[in-house]
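Residue numbers (the numbering used here), protein chains in the order written: chain A, 1 to 356; chain B, 1 to 356.
Accuracy of the hints is not assured; some may be wrong.
[Said to hold, decoys possible] Covered stretches of chain A (in silico footprint by chain B; criterion: 3 or more residues with CB under 8 angstroms from a CB of chain B, positions within the stretch not fixed):
#, segment
1, 48 to 60
2, 128 to 135
3, 252 to 259
[Stated by the list, open to error] Label-pair ranges, simulated between beta-carbon atoms:
#, chain 1, residue 1, chain 2, residue 2, range
4, A, Gly155, B, Pro85, 49 to 57 angstroms
5, A, Ser135, B, Gly281, 41 to 49 angstroms
6, A, Pro85, B, Gly205, 45 to 53 angstroms
These are calculated hints, taken from the structure and not from any lab test. Glycine included, every Cβ here is placed at the ideal spot set by N, Cα and C.
Number of protein chains: 2
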Amino acid sequence: MSDQSVTIEGATCAPPLPHNEQIVMGHGAGGRMSHQLIQKAFLPAFDNPALRAGDDAASLESNLHHAQRLAISTDAHVVTPLFFPGGDIGRLAVCGTVNDVAMLGAKPLYLTAGFILEEGLPMETLQRVIASMKSAAEEAGVQIVAGDTKVVQKGKADGLYITTAGVGVVRAGAKIGGAQAKADDVVILSGSLGDHGIAVLGARGELGFQSAIQSDVAPLNHLIEAMLDASNNIHVLRDPTRGGLATTLNEIATQSNVGILLDETALPIRPEVGAACEMLGFDPLYIANEGKLVAMVAREDAESVLKAMQATRYGEDACIVGEVTDAPRGRVLLKTALGSTRVVDMLSGEMLPRIC
Amino acid sequence: MSDQSVTIEGATCAPPLPHNEQIVMGHGAGGRMSHQLIQKAFLPAFDNPALRAGDDAASLESNLHHAQRLAISTDAHVVTPLFFPGGDIGRLAVCGTVNDVAMLGAKPLYLTAGFILEEGLPMETLQRVIASMKSAAEEAGVQIVAGDTKVVQKGKADGLYITTAGVGVVRAGAKIGGAQAKADDVVILSGSLGDHGIAVLGARGELGFQSAIQSDVAPLNHLIEAMLDASNNIHVLRDPTRGGLATTLNEIATQSNVGILLDETALPIRPEVGAACEMLGFDPLYIANEGKLVAMVAREDAESVLKAMQATRYGEDACIVGEVTDAPRGRVLLKTALGSTRVVDMLSGEMLPRIC
């Protein structure tokens, strides 16, 4: 989970967590508040090298064969509504974890799924979700090998929640992670920004107008395989989910201690998404994506990686959106369409609750 | 999860799942209704050999080294109240998954934890739960290597839910599973029955009297290691959680196509638990345990396994409680204290909701 990247932030930056504080929605939004929660509450307790690495999945010794490593990840899914244009909580639960495992340069093999069902949930709803998980798992080529089902009283959940965990095997020699970005790397984005968040908002009827925007939720492991086949110089892979591209890039800039310079004119944003964001006062850089990745790639391999991406289903619109710089370290800058440069900060607190 | 054992039941036994049916509490109780839900809804979609095996964890090829296998499991935890005598949701979340992985004869190595937090949860509550998870993980010797946190609006959860997943490595040569019980095996139980369920009920104030009963929630992996060191002829290991020993043994009898004969006078039940059950009309055979295991062991090794168990912290009270028989296949029988014999069926529907 991208949450983990907070590990790298200096412990001095965040105020201490007051003991009488309560959980608020912003703690789950994937931005600065989420990071502080993890840094202050989870990490001091569970501290270990894999967690400290701060990537979307943990890279681990397998204890099986010295040359290979396991990648393990988990994601809890609480989206509302359960069904939205382009996807549903089942597809989200499979793709979210498949992607987190794959972002470490690993081949996802096995998933587990823990269901928390609300009493009164129509069986037909559950069966639609299961069918969607089956189809997403088949598309990704993973097996759902263990599961658990609990039922809570009416009013103690919101239909159903699904927590998936995934296990994969890291490709031999791959050394991919949020801390591996290097100055002069090229920043590649696999496609348009903001589709998922806006599609979910539309499904809630909160846009105030009809919208044809579909969520991009998709398994990206095959796209990543194509990229890894094309280059041995991919340094970072990350999916900009909760908190959007802005938050993900801030995490990477901090983990790798580099600067990142984005080119606003290069950012692919669908006109409908751009229009919705403008009307609602949202910045697409902070909207969640569920079928996109950002990669930091050595400049000499950028073209071949781009070509490999564009040849795949979920990388057709891949493009270069920026570069990694020496300075300012830990900062993300945006060269605007007007030629000025502004700082792009991490999402602070809550923007869109319950979107993934 | 023990849920999976339904795989083995004939598809003809259960009525089809009506499409207009709703989820009720009984679907989460771990008995026959849970089994039917899994058999009818989950298995047809996710079908694969590991899931079909019907054990508490999935045994999988690691793709790493042909000689060794991975064990993977998951459990969602929704207990109410969050804290109870002898434990809390955090200790439960760690031990439940550690135990499921270990029951396959595997050494648990890594856990993931997905948190669903209710808006307004006191930070202090979360921190107590995290501290408890840390302590349980240390006791078990596992690392929590990946996590995720989501926040849902007030009233859309019950404080917090935790879904853990675990990965372990199966001991070389171990062939342990619910389908491996053999006629003439001895049935060994690691300690007293019903402590967890009654402790949780007491914490809810539903006993109607003060009780000193503590939950038995504990990691059993070190106990299992001692057993495996003592014998190569351990055929089944299973923790009788939701649905109790009766349900677990019915699962095993079906999976292994054997009979199981219990000796009522041999069943270890604490006087306080027995008294509580009597007053409330519960049968301790159906009450959940969270720190007990039942084993089917070749008769010639029973004594050495028993001795190894009794030398460990969580196996002190281990004893022989029955045997595996040729017939009646798929049935569990109880020789009562009065000398008669009765059928012990699987838990049907709901008994104690939200206990693990």
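To see whether the hints hold, each was checked on the structure:
{"no.": "1", "hint": "48 to 60", "result": "holds (count 6)"}
{"no.": "2", "hint": "128 to 135", "result": "holds (count 4)"}
{"no.": "3", "hint": "252 to 259", "result": "violated (count 0)"}
{"no.": "4", "hint": "A/Gly155 - B/Pro85: 49 to 57 angstroms", "result": "violated, 27 angstroms"}
{"no.": "5", "hint": "A/Ser135 - B/Gly281: 41 to 49 angstroms", "result": "holds, 46 angstroms"}
{"no.": "6", "hint": "A/Pro85 - B/Gly205: 45 to 53 angstroms", "result": "holds, 47 angstroms"}
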